[in-house]
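Which chain is which? The protein sequence lines are A and B, in order. Taking the UniProt record's numbering, the leading residue of the first sequence gets 1, the next gets one more, and so forth. Taking the UniProt record's numbering, the leading residue of the second sequence gets 1, the next gets one more, and so forth.
FYI, nobody ran anything at the bench for these hints, they're computed from the structure. Idealized CB from N, CA, C, for every residue including glycine. Don't take each hint at face value.
With beta-carbon atoms standing in for the labels, derived distance ranges [to be verified]:
1) A/R122 / B/S353: 22 to 28 angstroms
2) B/L218 / A/G49: 54 to 60 angstroms
3) A/N78 / B/I300: 56 to 62 angstroms
4) A/K144 / B/W113: 20 to 26 angstroms
5) B/G244 / A/S67: 52 to 58 angstroms
6) A/E140 / B/F20: 43 to 49 angstroms
7) A/R118 / B/S353: 30 to 36 angstroms
8) A/R118 / B/I333: 49 to 55 angstroms
9) A/Q148 / B/G136: 54 to 60 angstroms
10) B/A193 / A/E140: 43 to 49 angstroms
11) A/R122 / B/I208: 52 to 58 angstroms
Here chain B is said to cover these stretches of chain A; the calculated rule only asks that three of the stretch's residues, wherever they fall, bring their Cβ under 8 angstroms from a Cβ of chain B [claimed, not checked]:
12) 38 to 44
13) 94 to 100
14) 108 to 121
Here are some chain A residues the structure puts well away from chain B; computed CB gaps all over 10 angstroms [claimed, not checked]:
15) P10
16) H103
17) A158
18) A196
19) E233
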Amino acid sequence: MATLAQSPNPDIALRIEGMNKYFGNFHALRNIDLTVTRGEKIVVCGPSGSGKSTMIRCINRLEEHNSGRIVVLGTELNDDVGNIDEIRREVGMVFQHFNLFPHMSVLENCVLAPMLVRKLPRQQAEEMALRFLEKVRIPEQASKYPGQLSGGQQQRVAIARALCMQPQIMLFDEPTSALDPEMISEVLDVMVTLAADGMTMICVTHEMGFARRVADRVIFMDRGEIIEEAPPETFFTASRNERTRQFLSQILNH
Amino acid sequence: MTDLAPPAPGMLEDLRRRFFASPLQALVSLLSLGLIALVGWKLLNWALLSAVFDPSQGAEACHRAAGACWSVIAARWRIILFGLYPYEEQWRSALACVAVVAMTVLSCIPAFWTGRRIAAIWLAGTTVFYVLMKGGVLGLSYVGEESWGGLALTLFIFVATCLIGFPLSIVLALLRRSELPWISRTTGLIIDAVRSLPLISILFTFAIVLPFALPHWLQGDKLYRVIVGSALFFAAYQAEIVRGGMQGVAHGQGEAAMALGLSYWQRVSRILLPQAMRNALPATINQFVISFKETSLVVIVGFFEIIASGNAAYGTGEWRFAYAEVYTFIAFIYFVFVFSLSRYGAFLERRMSVGER
Ligand SMILES: Nc1ncnc2c1ncn2[C@@H]1O[C@H](COP(=O)(O)OP(=O)(O)O)[C@@H](O)[C@H]1O
Ligand SMILES: [Mg+2]
Chain A
1 MATLAQSPNP
11 DIALRIEGMN
21 KYFGNFHALR
31 NIDLTVTRGE
41 KIVVCGPSGS
51 GKSTMIRCIN
61 RLEEHNSGRI
71 VVLGTELNDD
81 VGNIDEIRRE
91 VGMVFQHFNL
101 FPHMSVLENC
111 VLAPMLVRKL
121 PRQQAEEMAL
131 RFLEKVRIPE
141 QASKYPGQLS
151 GGQQQRVAIA
161 RALCMQPQIM
171 LFDEPTSALD
181 PEMISEVLDV
191 MVTLAADGMT
201 MICVTHEMGF
211 ARRVADRVIF
221 MDRGEIIEEA
231 PPETFFTASR
241 NERTRQFLSQ
251 ILNH
Chain B
1 MTDLAPPAPG
11 MLEDLRRRFF
21 ASPLQALVSL
31 LSLGLIALVG
41 WKLLNWALLS
51 AVFDPSQGAE
61 ACHRAAGACW
71 SVIAARWRII
81 LFGLYPYEEQ
91 WRSALACVAV
101 VAMTVLSCIP
111 AFWTGRRIAA
121 IWLAGTTVFY
131 VLMKGGVLGL
141 SYVGEESWGG
151 LALTLFIFVA
161 TCLIGFPLSI
171 VLALLRRSEL
181 PWISRTTGLI
191 IDAVRSLPLI
201 SILFTFAIVL
211 PFALPHWLQG
221 DKLYRVIVGS
231 ALFFAAYQAE
241 IVRGGMQGVA
251 HGQGEAAMAL
261 GLSYWQRVSR
271 ILLPQAMRNA
281 LPATINQFVI
291 SFKETSLVVI
301 VGFFEIIASG
311 NAAYGTGEWR
321 FAYAEVYTFI
331 AFIYFVFVFS
341 LSRYGAFLER
351 RMSVGER
């Protein structure tokens with residue numbers, strides 16, 4: 001494999017090489033290698049505490065990695081604050097608990113970053129926000145506050161808010177695990193649409209139906225390591241890895 | 001009472017159940033009612049019915065009357081409100097009070113809450129106050145800070161304390177949350193040290209002791225040193241209130257803002273502080289009220305604020321007996337300000353709870 005970043009390949013959205021992460025003495029991520037091309041959809045799964053969140057949070061520097069390299073859209077993630085800002089502008093993130101700003105209306109949530117970070121004029125930002133709110137099928141809630149919406153609606157607003165920055169990569173950290181069962185599909189449907197539009201997506205999720213429909217590759221993590229990496233069909237039916245099979249039997253028969 | 005007939009049966013029944021359920025309860029209720037009526041009557045009699053209002057009759061009329069001697073207020077209100085400020089110039093002090101109150105009221109109105117407007121209001125308000133009070137320009141005669149007094153001084157000290165202390169408290173609270181341990185610990189130490197001292201000793205230090213320690217050009221007038229001291233005291237308490245408010249903001253808020261690419265100051269000003277201040281609002285209003293009342297302590301370092309002016313108002317010869325009326329009057333002034341502050345706090349709380357379930 002060619003050494004990375006020297007000849008940046010425009011088709012590569014993300015490259016992680018030999019990445020390690022410690023929390024104090026605890027080795028949370030071990031030698032992570034991962035390459036994601038543009039437009040690719042990756043589903044990350046694995047038992048709780050295996051480091052899935054930590055891995056995707058390293059991609060936009062919500063966590064700092066201790067060794068190895070992360071290159072996002074040709075920009076190396078290091079202590080250079082300019083690089084961090086640049087990467088955060090291009091990488092959107094959706095959280096398990098939505099993390100909408102409760103003191104702002106839905107519309108304000110959506111226009112905040114485009115206006116402050118991308119310096120869009122308000123009118124343009126609002127037009128775009130309404131477009132994305134329509135895309136997540138919730139335009140009529142624009143003037144409400146997050147506390148007045150259901151969980152599924154809040155998560156769709158959170159997706160719209162991230163999209164308003166017009167990111168090239170979207171990270172999802174268990175976007176449906178805090179939702180009541182009847183609201184899961186409305187969020188997954190939005191994510192499927194987004195995938196169909198060609199967005200590069202890295203999703204931590206245990207929604208195996210979604211993985212089968214959308215993922216180009218499924219990554220299985222355990223104890224801070226990537227154990228297996230395979231297309232969904234192979235992953236679900238023909239995995240040779242003992243831990244993968246054990247995990248799959250647990251989540252499919254719960 | 002027949003016109004109250006429709007709700008009466010329910011109301012009477014309700015009263016009977018609440019206050020006259022048993023003979024003992026009825027007795028206690030009746031006794032309390034009698035006591036309230038008695039005290040109420042005495043107060044009314046003192047304050048209005050038997051009171052003397054006409055100052056032209058002088059203090060003599062008050063000696064003969066059984067009620068309050070409000071003529072002391074009519075005769076001496078100018079010394080209560082303006083202290084030792086030169087008599088012919090007291091209109092300036094009055095206008096200065098109006099300027100400070102106007103500035104405060106304007107900055108309480110949400111429509112003015114943009115950095116530029118607030119800054120303009122404060123700059124205009126303090127300039128008008130200062131020019132009016134001190135003079136020496138625009139044909140106004142010079143009046144040094146040592147002659148300021150009464151309500152104008154009380155308001156000035158309070159407003160200046162808040163204008164300096166409030167931003168300082170936010171800075172202190174942010175520093176205390178710093179990820180660099182030496183910054184957060186030092187800030188914590190300063191906050192705790194200031195909070196562990198009585199305000200009187202801080203005022204005393206800034207007014208009397210500091211001039212021995214500071215070079216002359218850094219000292220400023222005693223009034224400004226006292227304001228700095230009281231602002232520091234206010235900031236130390238308020239910083240802990242703000243920090244408490246910040247602790248109530250969910251961790252994910254900052255992360256979401258970071259993931260959207262917001263800078264540190266954008267995260268602080270748009271996400272952290274608005275939510276933290278909403279959490280901290282009741283305690284903050286409380287702190288403002290305490291601090292307004294504490295301005296009276298500046299009397300110990302020789303300032304003639306409203307209570308000291310009140311003492312002077314009845315302290316001379318003929319009105320010496322009328323201290324109750326003077327203190328009632330001052331209490332009323334305090335009440336007007338503090339009560340407005342509390343009501344404003346309640347308004348803000350309602351306003352800020354928009355969007356909460
Ligand atoms: N801020 C932190 N400090 C210390 N340990 C952490 C921290 N965040 C995560 N961990 C630990 O790192 C491991 C991986 O966590 P995480 O990435 O959240 O797992 P997952 O998302 O797969 O459930 C867990 O054992 C967790 O306890
Ligand atoms: Mg997780």
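Against the structure, the hints:
1. Roughly 26 angstroms separates the CB atoms of A/R122 and B/S353, a value that falls within the hinted 22 to 28 angstroms.
2. Judged by the Cβ atoms, the range 54 to 60 angstroms given for B/L218 and A/G49 holds: they are separated by roughly 58 angstroms.
3. Checked against the hint of 56 to 62 angstroms, the pair A/N78 and B/I300 passes, with Cβ atoms roughly 58 angstroms apart.
4. Checking the proposed 20 to 26 angstroms range against A/K144 and B/W113 shows it holds: the Cβ atoms sit about 22 angstroms from each other.
5. With their beta carbons about 38 angstroms apart, B/G244 and A/S67 fall outside the hinted range of 52 to 58 angstroms.
6. Separated by about 56 angstroms at the C-beta atoms, A/E140 and B/F20 break the suggested range of 43 to 49 angstroms.
7. In this structure the hint that A/R118 and B/S353 lie 30 to 36 angstroms apart at CB holds, the actual value being about 31 angstroms.
8. Between A/R118 and B/I333 the Cβ separation comes to about 52 angstroms, which falls inside the hinted range of 49 to 55 angstroms.
9. Here the CB-CB span from A/Q148 to B/G136 is close to 57 angstroms, well matched to the stated 54 to 60 angstroms.
10. About 55 angstroms separates the C-beta atoms of B/A193 and A/E140, a value inconsistent with the hinted range of 43 to 49 angstroms.
11. Separated by about 54 angstroms at the C-beta atoms, A/R122 and B/I208 satisfy the suggested range of 52 to 58 angstroms.
12. Note: the stretch 38 to 44 of chain A has 0 residues with beta-carbon separation from chain B under 8 angstroms; the three-residue rule is not met and the coverage is violated.
13. Only residues whose C-beta sits within less than 8 angstroms of a C-beta in chain B count toward coverage, and the stretch 94 to 100 of chain A has 4 of them, enough to reach three; the restraint holds.
14. Under a criterion of three residues with beta carbons nearer than 8 angstroms to beta carbons of chain B, the stated coverage of the stretch 108 to 121 of chain A is upheld, 4 such residues being counted.
15. Residue-level check passed: A/P10 sits 22 angstroms from the nearest beta carbon of chain B, beyond 10 angstroms.
16. The claim that A/H103 lies off the interface is violated: its Cβ sits roughly 5 angstroms from the closest Cβ of chain B, which falls inside the 10 angstroms cut-off.
17. A beta-carbon of chain B is positioned within 10 angstroms of the beta-carbon of A/A158; the least distance is around 8 angstroms.
18. Under the 10 angstroms C-beta cut-off, the non-interface status given to A/A196 relative to chain B holds; the minimum distance is some 24 angstroms.
19. Every CB of chain B is more than 10 angstroms from the CB of A/E233 (nearest about 32 angstroms), matching its label as outside the interface.
In terms of the numbered hints stated before, the structure departs from hints 5, 6, 10, 12, 16, 17, listed from lowest to highest.
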